[in-house]
Structure formats: structure tokens, C-alpha cells
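Visitor: Single-letter residue listing:
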Amino acid sequence: MRMTAPPDSPGRLDDATLIEQSRHRPESFATLYDRHFGDIYRYVAARIGPQAADDLASETFLVAFRKRDGFDPERGAVRRWLYGIATNLLADHRRSETRRLEALARVPVDSPAESEHADRVAAQVTAAATQRRLAAELSRLPDGERDVLLLVAYGDLSYEEIAQALDIPLGTVGSRLNRVRRKLRAALNDITAESGGSDG
Amino acid sequence: MDEPHDDQDFRQPVEPHHVTAVRHLLGSHEPSPRTVAEGRARLLAEAAATATVSGLEPVRRRRHGRRGRRVGIGLSLAAAAAVAVLVPMGLSGSGTSIAPRTGTSVPATTELTARQVLLAAAVAVEKAPASGDYWRIAMVDQSTLTDPTRSYVIEIKQSREEWLTERPGLQSWRVRQYLGAKPATPRDEEAWRAAGAPTSWRYPEDMKKEQFAAPPPGESLEAAAGERIAERLRGRWRGTAGDLVWDLITWQEARAIPGDPGKLRTYLEQYVRRQVAHPDSGMDVEKEMPQLLRAVCIRMITSLPVSPEARASAYRILASLPGIRAEGEITDPLGRRGQALVYREEAEPGLFTEIRFVVDPGTGLPLAEMRTNVAKGADGRPVEIPSSTSYQAIGWTDERPEPPAHRD
Chain B
1 MRMTAPPDSP GRLDDATLIE QSRHRPESFA TLYDRHFGDI YRYVAARIGP QAADDLASET
61 FLVAFRKRDG FDPERGAVRR WLYGIATNLL ADHRRSETRR LEALARVPVD SPAESEHADR
121 VAAQVTAAAT QRRLAAELSR LPDGERDVLL LVAYGDLSYE EIAQALDIPL GTVGSRLNRV
181 RRKLRAALND ITAESGGSDG
Chain P
1 MDEPHDDQDF RQPVEPHHVT AVRHLLGSHE PSPRTVAEGR ARLLAEAAAT ATVSGLEPVR
61 RRRHGRRGRR VGIGLSLAAA AAVAVLVPMG LSGSGTSIAP RTGTSVPATT ELTARQVLLA
121 AAVAVEKAPA SGDYWRIAMV DQSTLTDPTR SYVIEIKQSR EEWLTERPGL QSWRVRQYLG
181 AKPATPRDEE AWRAAGAPTS WRYPEDMKKE QFAAPPPGES LEAAAGERIA ERLRGRWRGT
241 AGDLVWDLIT WQEARAIPGD PGKLRTYLEQ YVRRQVAHPD SGMDVEKEMP QLLRAVCIRM
301 ITSLPVSPEA RASAYRILAS LPGIRAEGEI TDPLGRRGQA LVYREEAEPG LFTEIRFVVD
361 PGTGLPLAEM RTNVAKGADG RPVEIPSSTS YQAIGWTDER PEPPAHRD
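Those protein sequences? They're chains B and P, same order as listed. If you're matching positions, the first sequence starts at 1 in the working numbering and goes up one per residue. If you're matching positions, the second sequence starts at 1 in the working numbering and goes up one per residue.
Be careful, since some hints might not be right.
Only part of the chain P face toward chain B is listed, based on derived beta-carbon distances under 10 angstroms [said to hold, decoys possible]:
(1) His17
(2) Leu26
(3) Leu44
(4) Glu219
(5) Ala295
Hints listed in this document are in silico derivations from the structure and should not be mistaken for laboratory results. Even for Gly, the Cβ is constructed at its ideal location relative to N, Cα and C.
Extracted from the complex, chain B is given alone in its bound form:
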């Protein structure tokens, strides 16, 4: 939200103004941290797990701070810029990301409690199998496709914003997402109905 605010209430200044201000008042950057840390953390944690995320999410803000002179409001909002930096840093953690996904693909199906109804049990088994298929599919996605998918899923970024965040052509974002959609459709295909309503 953009509004006129007294100059000394950083909580109400827009992000780009805060960056501008942080050039001569570096501590202003902390307001950006307060605003966006949670989002960046959730994105990073989804990809490499909460433990590694502690460090990488905070690293994202350090890198952003050092590069703040290079922030260019012409190229989109601060939020996008931060997701771009986080994604860049994640590139060095591809292997741990893949390992995490491969582990998720091997998670054994929980043995359901005996009292449970057979239908429910069947549904749970199917759901678990789907989860494993999805994890396997995600682990096989080319890095670029996984980047765009997870930016959509966790960053809630539009095509345009992803293109800016990753510094890739808009058409590339579109074609990657298109391929991802096909692959996920194939992986999730038969259980569409069950997975539709649940929100994790």
C-alpha cells in the first residue's frame, strides 16, 4: 500500500522508498526485513527444509542489503527482487533440495490405525502414494522449472514478476510453467478429486 506518511514513520513507507532511504540510513533496511522475512523463509524452507532455511533466508537479506544500490525500482517491487536473490542463493543448494524431495518420495505409507474404516484407509494410502509421486516428479524437474513452480506456489508471483525475479524472458516463464503443468497433471492425474480440497 502506498500512502503519504510522515518521513519518520518507516513502517508506513513503501519498500522502494525504504531502500532509497537505506542508502544513507542503513538501518531502514530492517523494516524490509520485518516485512518480508516470513515470506522468504517459507519459500526457502519449502525448498531446502527449515534447518538450512534459517541461514539462507537471513543470508538473502544480507545479500539484498549489500546490493541495495543496485535495486532498480524500474524492474519491479522489492518483494520480487528478494525472491530472485533467494532463488539465486538456492542454486547452490540444488543437491540438498533434490535429496529432500527424493526422501519425500520414499516416505513409507503410514500404517493406519486399525479402527479406521476401510475406505478411509484406502484413501489415505492413495493420497500417500500420490504425495510420493509428486515428490518424485518435483525431484526430476529441471531446476528452472522447479524455480518457477515454487515461486508460483510460495511467492504467489505472477509470470511477469517471476520473469523479473529470475531475470529470464517472460516467454520462458510461460513455457516452463506450461511444461510443469503437464508434468504435474500426469503425476497427480488420478487423484485430482481427493487432493483438490485439502490445504496444507
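On the provided structure of chain B, position chain P as indicated by the hints.
Guide: This is chain P only, laid out in the frame that chain B set:
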């Protein structure tokens, strides 16, 4: 090429339940208060260290008016873009063309076939220099969109340069400049004047989705040109030799791209399969291989620092592919004459974009990629939305990028 019409909303390439499933699988982890506090402390420590130094530095601040933030977005994308945002109407001849057709066909004195144009370009491009300090690409992107009331068409321009190097001591740069926005034709200018000659446009959220060149919400499209901005390539872009449609490639990989046409074809087919193919992808890669090969060959020709032989072979592969026809000599958006090769690209199932790839057979260099997409006009009728990328330079040079007005 005609696939059955797909019911999916083209603007929503990832289905909401896929997103839900992914989130369900990967979870939503909240940072612990301790993590938040530690990260904040790290940042403040860094800020404190900087504060003591920054007083000594000459202040080099940019003044971007809060209201007049310029938006040069989307333009770099002129080339491939518009995929997500168009109403799937197909390219019917009945579409009202409200924008200028920069590439008007003129009767060519000698009619060349697409194959002849491509083979001539192959021979010519083989003679291009094979090395230099920098691999340089310079281009101008042009795109169009309607104003927020859909009464006239606005044309936006942006220039881009890439200076890529692997020489030690040299820095890779990307330079760009927003060149401004203006009514596309005299008729549009009239409508623009009637609307009070605005120099800044804001778009509602729903239009942003449909017109890919529209700025994001909260930001406006500005008529005035921007500054020349140079940035050092860093992160994943540092040390790359560009991208081959799906992936960044290294200098080593670029050098390893075979020059022999047969070997190159095998190499590219394998690359495409690796990038695209997947047993569950639902995509028949072998069936779509000609289109995919066309895309990678054109990318190689327009942007990658591969050997002149490899570039020539890419032209030869193009010459062997179906679906490309010659349209004779046309004028590109920068006013240069070249041979137009036309093909259609399936942006989304059932939605085609027509592309004119303009080549100078004398040098073998591509001049422009001109795209025609179809969008919906105010009256609901289809309008053609042209966009283009015109190449001013593609090749090796020992020149240096012009010192930028400001850099990051």
C-alpha cells in the same frame, strides 16, 4: 500442429490444486522467533558497519520520483512473450489490425524459397569472426498494448545489450534502457490527444493479466524514456554464455556445441529430450521435435557465442525443418531490408503466434523477430498485437561497453 482445444484457462498455467498439492507436500514452515531475531541482528550488524563507511562515500543516489516510477517491464520479453495473456482466438484474417504493420511485404525481385534464404545465411555466417574480447548482442524490443480504456494503442520500446566475456579481468555487463512509450499510429495519437494526452498510464488488475506489456499493479507505464542502466552480471548469470531456451549454458558448453550439422542435430535433439522429455509429461517430444529444434536453432543463431560453424549448421538444420515459408523482402522495425521467413508457434494449445524471422542473407545475421499475437479489443473483436525484437549487433567484438550513466 493442431491440438484439440484445451479447456484450461491459458492464464493459469499451474492449476490451483497443483499448487495446493505442492504446498501440502513441502509444508509451510514458520521461522522460529529465534531465527527471526538472529537474522535481524545479522542484518543490523552489517548495517552498522556500513553506516560508518557510507559517510565517506560520495553519495550516488538515484532520484526516482515515487509517482513517476518508470516501468520498462515486459519489453525484453517482446520476443517470446504474450503467451499467457492472450485470448485464444487464433490468427484469423478477420482480425482488426489497429497497429501498424511494420513489416509490409513488397514484391521481391527474386523470389527465394525459405530453404535458399537459410542456406545462403549459413554460408555467410560461417565467415563471421570466431573470437573477440566480448560476445555482444544489442537489440531493441518493441511491444504494443492498448491504453487502459482500450481506445488507442501504445507502443513501447526498450534497448538491451549483453556484453559477455570469459576473459580474466573483464566484466560481463548487461545494459538496458527504457526508450519510452507513445501512441502507435497517427490515428492512435488522435485518440490519445482526445483523451487529454496522458503521459502516464495505470492499468487495472484484470487488464494486467491480459496485456502482457502492462505494468504491475501500483506502477504506471510512463511515456518518458529512462536512463541507460548497466549492470554487472552476477549470481547465476555470471560466467554464463547465455541461455539455450531452457537453461543457462557455460562457456565450456557453448564451445562444445558441435559445428558439424549432423552432430549438431543429434546434440540438440538430445538436449531437447533432456530438457523437455519426461515419461509422464504428456508431451509427445518426438512429434514436437521439429518445433523444439526450430526454437533452439533460432536461439543459437540470435544469441549464443557458438562457433561460426555451429551457427551455420543451425541455419542448415532450420532449412531442413517443415513449417517455415519465405515471404520475400520486408522492412524490419528498424527500417532495414531483409528476407522474411514465417512460421507459427503454438504458444498454448490452440493458440498460435505468427513469427517473422527476418534475415540478411548477405551477412547471415538475423535482423529481427517480429511477432503477431491476437488479443481482444474493446468491442470484443480480435486485435493484432505486434511485438518485435530487432538485432543491432550479434557477434564478437574487442570494443568495450560504453561507460554507463549508472551501474550497480
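Visitor: So, for every hint listed, does it hold in this structure?
Guide: Right, here's what the structure says about each hint:
For histidine 17/P, the interface hint holds, the least distance from its beta-carbon to any beta-carbon of chain B being 5 angstroms, beneath 10 angstroms. Given the 10 angstroms rule on beta carbons, the hint for leucine 26/P holds: about 4 angstroms separates it from the nearest Cβ of chain B. The interface hint given for leucine 44/P holds, since its Cβ lies 6 angstroms from the closest Cβ of chain B, which is under the 10 angstroms cut-off. For glutamate 219/P, the interface hint holds, the least distance from its beta-carbon to any beta-carbon of chain B being 8 angstroms, beneath 10 angstroms.
Interface hint status for alanine 295/P: upheld, as the beta-carbon distance to the closest one in chain B is roughly 9 angstroms, under 10 angstroms.
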